[in-house]
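Residue numbers (the UniProt record's numbering), protein chains in the order written: chain A, 1 to 72; chain B, 1 to 72; chain C, 1 to 72; chain D, 1 to 72; chain E, 1 to 72; chain F, 1 to 72; chain G, 1 to 72.
What the hints contain is simulated information worked out from the structure, not anything from laboratory work.
Beta carbons are placed, not taken as given, at the ideal position from N, Cα and C, and that holds for glycine.
Be aware that one or more of the hints could be misleading.
Unchecked claim - From the derived model, a few chain E residues whose C-beta atoms are all more than 12 Å from chain G: (1) I4; (2) D8; (3) E17; (4) L19; (5) P70.
To be verified - Below are the BS3-like pairs computed for lysine-lysine, each with C-alpha atoms no more than 30 Å apart in a straight line: (6) A:K31 <-> B:K54; (7) B:K53 <-> C:K16; (8) E:K23 <-> F:K23; (9) A:K26 <-> F:K54; (10) D:K53 <-> C:K14; (11) E:K29 <-> E:K54; (12) C:K53 <-> B:K31; (13) A:K14 <-> A:K53; (14) F:K31 <-> G:K14; (15) G:K16 <-> G:K53; (16) D:K16 <-> E:K53; (17) D:K16 <-> D:K31; (18) G:K29 <-> G:K16; (19) D:K53 <-> C:K31; (20) C:K29 <-> C:K54; (21) E:K29 <-> E:K16; (22) E:K14 <-> G:K54; (23) G:K54 <-> E:K31; (24) D:K54 <-> A:K26; (25) E:K14 <-> E:K54; (26) F:K54 <-> F:K23; (27) D:K53 <-> E:K26; (28) F:K29 <-> A:K16; (29) B:K31 <-> C:K54; (30) C:K14 <-> D:K14; (31) D:K14 <-> E:K54.
Stated by the list, open to error - Estimated spans, in silico, between C-beta atoms of each pair: (32) F:E72 <-> B:K14: 21 to 31 Å; (33) G:R5 <-> E:N52: 50 to 60 Å; (34) D:P56 <-> G:K54: 46 to 56 Å; (35) F:K53 <-> D:R5: 47 to 57 Å; (36) G:E17 <-> A:L49: 36 to 46 Å.
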Amino acid sequence: MEIIRPLDIITQSKGKEILVEMKNGKQYKGKLVASDVHPNMVLEEVTELDTNKKLPWIFLRGDNISLIKPPE
Amino acid sequence: MEIIRPLDIITQSKGKEILVEMKNGKQYKGKLVASDVHPNMVLEEVTELDTNKKLPWIFLRGDNISLIKPPE
Amino acid sequence: MEIIRPLDIITQSKGKEILVEMKNGKQYKGKLVASDVHPNMVLEEVTELDTNKKLPWIFLRGDNISLIKPPE
Amino acid sequence: MEIIRPLDIITQSKGKEILVEMKNGKQYKGKLVASDVHPNMVLEEVTELDTNKKLPWIFLRGDNISLIKPPE
Amino acid sequence: MEIIRPLDIITQSKGKEILVEMKNGKQYKGKLVASDVHPNMVLEEVTELDTNKKLPWIFLRGDNISLIKPPE
Amino acid sequence: MEIIRPLDIITQSKGKEILVEMKNGKQYKGKLVASDVHPNMVLEEVTELDTNKKLPWIFLRGDNISLIKPPE
Amino acid sequence: MEIIRPLDIITQSKGKEILVEMKNGKQYKGKLVASDVHPNMVLEEVTELDTNKKLPWIFLRGDNISLIKPPE
Numbered sequence: 001m002e003i004i005r006p007l008d009i010i011t012q013s014k015g016k017e018i019l020v021e022m023k024n025g026k027q028y029k030g031k032l033v034a035s036d037v038h039p040n041m042v043l044e045e046v047t048e049l050d051t052n053k054k055l056p057w058i059f060l061r062g063d064n065i066s067l068i069k070p071p072e
Numbered sequence: 001m002e003i004i005r006p007l008d009i010i011t012q013s014k015g016k017e018i019l020v021e022m023k024n025g026k027q028y029k030g031k032l033v034a035s036d037v038h039p040n041m042v043l044e045e046v047t048e049l050d051t052n053k054k055l056p057w058i059f060l061r062g063d064n065i066s067l068i069k070p071p072e
Numbered sequence: 001m002e003i004i005r006p007l008d009i010i011t012q013s014k015g016k017e018i019l020v021e022m023k024n025g026k027q028y029k030g031k032l033v034a035s036d037v038h039p040n041m042v043l044e045e046v047t048e049l050d051t052n053k054k055l056p057w058i059f060l061r062g063d064n065i066s067l068i069k070p071p072e
Numbered sequence: 001m002e003i004i005r006p007l008d009i010i011t012q013s014k015g016k017e018i019l020v021e022m023k024n025g026k027q028y029k030g031k032l033v034a035s036d037v038h039p040n041m042v043l044e045e046v047t048e049l050d051t052n053k054k055l056p057w058i059f060l061r062g063d064n065i066s067l068i069k070p071p072e
Numbered sequence: 001m002e003i004i005r006p007l008d009i010i011t012q013s014k015g016k017e018i019l020v021e022m023k024n025g026k027q028y029k030g031k032l033v034a035s036d037v038h039p040n041m042v043l044e045e046v047t048e049l050d051t052n053k054k055l056p057w058i059f060l061r062g063d064n065i066s067l068i069k070p071p072e
Numbered sequence: 001m002e003i004i005r006p007l008d009i010i011t012q013s014k015g016k017e018i019l020v021e022m023k024n025g026k027q028y029k030g031k032l033v034a035s036d037v038h039p040n041m042v043l044e045e046v047t048e049l050d051t052n053k054k055l056p057w058i059f060l061r062g063d064n065i066s067l068i069k070p071p072e
Numbered sequence: 001m002e003i004i005r006p007l008d009i010i011t012q013s014k015g016k017e018i019l020v021e022m023k024n025g026k027q028y029k030g031k032l033v034a035s036d037v038h039p040n041m042v043l044e045e046v047t048e049l050d051t052n053k054k055l056p057w058i059f060l061r062g063d064n065i066s067l068i069k070p071p072e
C-alpha cells in the first residue's frame with residue numbers, strides 16, 4: 001500500500017474490512033463504505049465487538065474515533 | 001444506498017427510523033426529521049432506550065453524538 | 001412543525017416550554033426566550049429538575065448542552 | 001428584560017448579582033463587572049458557594065462555564 | 001480597577017500576586033509576569049498550593065485554566 | 001537529528017520504530033509510515049503493548065495522541 | 001528573563017532543562033529542543049518522573065500539556 005498521508009490508509013481500505021476503536025474503547029468491525037477527513041466513517045456488514053451484534057451499517061463520528069486497524 | 005460521503009447515510013435516512021448513541025452511552029430511537037454537518041439531528045416519534053419513555057421529538061447536539069445505526 | 005434544519009426546532013420552540021439536558025445529565029425545564037447557533041439558550045419560569053428549584057431565568061451554555069426535548 | 005440573543009441576558013446583568021455554575025459543579029455568586037462572547041466573566045464582591053469564602057473579584061473562563069442564573 | 005473586557009483584570013494584575021485554579025483543581029499563587037488571550041500565563045515567585053512547593057516561575061496553559069482570583 | 005520545529009522529530013522518524021502513547025494511556029510500538037500536522041499517524045509492524053498483539057498496520061488519530069518517544 | 005508574551009518563557013528555555021506536566025498528571029523532565037505555539041514540545045535527555053525511565057527524546061503534544069516549570 002502506497003501511504004503518503006495517514007488518511008490514505010483509510011481511503012485505500014474502502015471495500016475492505018477494518019476494525020475501528022472509539023475513544024470509549026468500544027470496537028466495531030465492518031467493511032468501509034465511506035470516510036472523510038475527520039474521519040467520519042460508514043461501515044457495512046458490521047459487528048459490534050463487545051456485544052457481538054450484527055448491523056447492516058453504522059456511522060461513526062470522526063472526533064470520537066481513537067484508532068483504526070485491520071480486523072484480528 | 002449510494003454513499004459517497006459518510007454524511008450521505010444520514011441524509012438518506014431522512015424519514016426512516018434510526019438509532020443514535022450519544023458519547024455518554026444513552027441511545028435514542030426515532031424517525032429522522034432533519035440533520036446538518038455537525039451532525040445536529042432532530043428525531044420524531046422518539047423512544048429513549050434506557051428509560052423507554054416516548055417523546056414527540058428530540059434535538060440531539062452533533063458534537064455529543066458517538067454513532068448512528070439502524071434500529072435493532 | 002416545518003423543520004428544515006435541526007436548529008429550526010429550537011427557534012420554533014420560542015415562547016414554548018422545553019426540557020434541556022446538559023452533558024453532566026442535569027435537566028432544566030422552562031419557556032424558551034432566546035437561542036443562537038451554539039445553541040446558547042435563555043429559559044424563563046425555570047425548574048431545575050434534580051432540585052425542583054424555581055428560577056426566574058437561566059442561561060445555558062451551548063457547548064454544554066446534550067439534547068433538547070418537549071417537557072414530560 | 002428585552003432578550004434577543006442569549007448573551008443579552010448576561011450583558012443586561014452588568015452591575016447585578018448573578019450565580020455562575022462551572023462545568024465541575026462549583027458555583028460563584030457576585031456582581032457582574034464584565035463579560036465577553038465566550039463568555040469569560042469578571043465578578044466582584046464574590047462568594048464561593050461551596051467554601052463560603054469571600055473574594056474581592058474573580059475571573060471565570062468562558063469555556064469552563066456551564067450556566068448562569070439569578071442568585072437564590 | 002477599570003474593567004471593560006474580562007481579560008482586562010488579568011492584564012491589570014501584571015506585577016501583582018494572583019491565584020490561578022486549573023481545571024483539575026490544582027491552585028498556583030504567584031506574581032503575574034505575562035498573559036495572552038487564551039489566557040496562557042507566566043507567574044514568578046510561585047507557590048504550588050497543594051504541595052506548598054516554591055518555584056521561580058511557571059507557565060500555565062490557558063485552555064487548562066478554570067479561574068483566576070486574588071490570593072487569599 | 002536537526003530539530004527546528006517539534007513535528008520535525010516525527011517526520012525524521014519515518015521508517016524508524018517509535019512508541020506512541022494515547023490519551024487513554026494505551027501504547028503502540030511500530031515503524032512510522034506516515035504522519036501529518038495533527039499528528040495523525042500510520043505505523044506498520046505494530047505491537048499493542050498492553051495486549052502484546054501484533055498488527056500489520058494501525059491509524060492513530062492525532063488529537064487522541066499524548067506523546068511519542070523512541071521504543072524502550 | 002525578558003518575558004513579554006507567555007510563550008517567550010518556553011522559547012527562552014531552549015537548551016535548558018524544564019519540567020512538563022501533562023493533563024493526566026504525568027511529568028517529564030528534559031532539555032528543551034524545540035517548541036511551537038500549541039506548545040508541542042520536543043525534549044531530549046528525558047526522565048519520565050513517575051517511572052524514572054530515561055529516554056533519548058520525547059514529543060509532547062501541546063493540547064495535552066497543563067503546565068511547564070523549572071526542574072525541582
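Hints versus structure:
1. I4: Label holds. Min Cβ-Cβ 21 Å, cutoff 12 Å.
2. D8: holds, 17 Å
3. E17: holds, 17 Å
4. L19: holds, 15 Å
5. P70: Check passes; 20 Å lies beyond 12 Å.
6. A:K31 <-> B:K54: Not satisfied, since the Cα-Cα distance of roughly 34 Å exceeds 30 Å.
7. B:K53 <-> C:K16: Holds. K53 of chain B to K16 of chain C sits at ~21 Å (cutoff 30 Å).
8. E:K23 <-> F:K23: Roughly 17 Å separates the two Cα atoms, so the pair holds.
9. A:K26 <-> F:K54: Given that 30 Å is the threshold and the Cα spacing comes to 19 Å, the pair holds.
10. D:K53 <-> C:K14: Roughly 39 Å between the alpha carbons, so the hint for K53 of chain D and K14 of chain C is violated.
11. E:K29 <-> E:K54: holds, 10 Å
12. C:K53 <-> B:K31: violated, 34 Å
13. A:K14 <-> A:K53: Distance ~22 Å between K14 of chain A and K53 of chain A Cα, so the pair holds.
14. F:K31 <-> G:K14: holds, 29 Å
15. G:K16 <-> G:K53: Roughly 20 Å separates the two Cα atoms, so the pair holds.
16. D:K16 <-> E:K53: Outside the cut-off at roughly 39 Å; violated.
17. D:K16 <-> D:K31: Given that 30 Å is the threshold and the Cα spacing comes to 5 Å, the pair holds.
18. G:K29 <-> G:K16: holds, 10 Å
19. D:K53 <-> C:K31: violated, 34 Å
20. C:K29 <-> C:K54: Roughly 10 Å separates the two Cα atoms, so the pair holds.
21. E:K29 <-> E:K16: holds, 10 Å
22. E:K14 <-> G:K54: With Cα atoms ~38 Å apart, K14 of chain E and K54 of chain G exceed 30 Å; violated.
23. G:K54 <-> E:K31: Violated - the C-alpha atoms of K31 of chain E and K54 of chain G are around 34 Å apart, more than 30 Å.
24. D:K54 <-> A:K26: violated, 46 Å
25. E:K14 <-> E:K54: holds, 20 Å
26. F:K54 <-> F:K23: holds, 21 Å
27. D:K53 <-> E:K26: holds, 17 Å
28. F:K29 <-> A:K16: holds, 24 Å
29. B:K31 <-> C:K54: Judged against 30 Å, a Cα distance of about 34 Å means the pair is violated.
30. C:K14 <-> D:K14: With Cα atoms ~25 Å apart, K14 of chain C and K14 of chain D stay inside 30 Å; holds.
31. D:K14 <-> E:K54: violated, 38 Å
32. F:E72 <-> B:K14: 21 to 31 Å: violated, 52 Å
33. G:R5 <-> E:N52: 50 to 60 Å: Roughly 29 Å apart at Cβ, these two residues miss the hinted range, so it is violated.
34. D:P56 <-> G:K54: 46 to 56 Å: Hint holds: Cβ distance 47 Å, inside 46 to 56 Å.
35. F:K53 <-> D:R5: 47 to 57 Å: For K53 of chain F and R5 of chain D the Cβ distance comes to about 52 Å; the hint holds.
36. G:E17 <-> A:L49: 36 to 46 Å: holds, 45 Å
The structure fails hints 6, 10, 12, 16, 19, 22, 23, 24, 29, 31, 32 and 33 (numbered hints given earlier, in ascending order).
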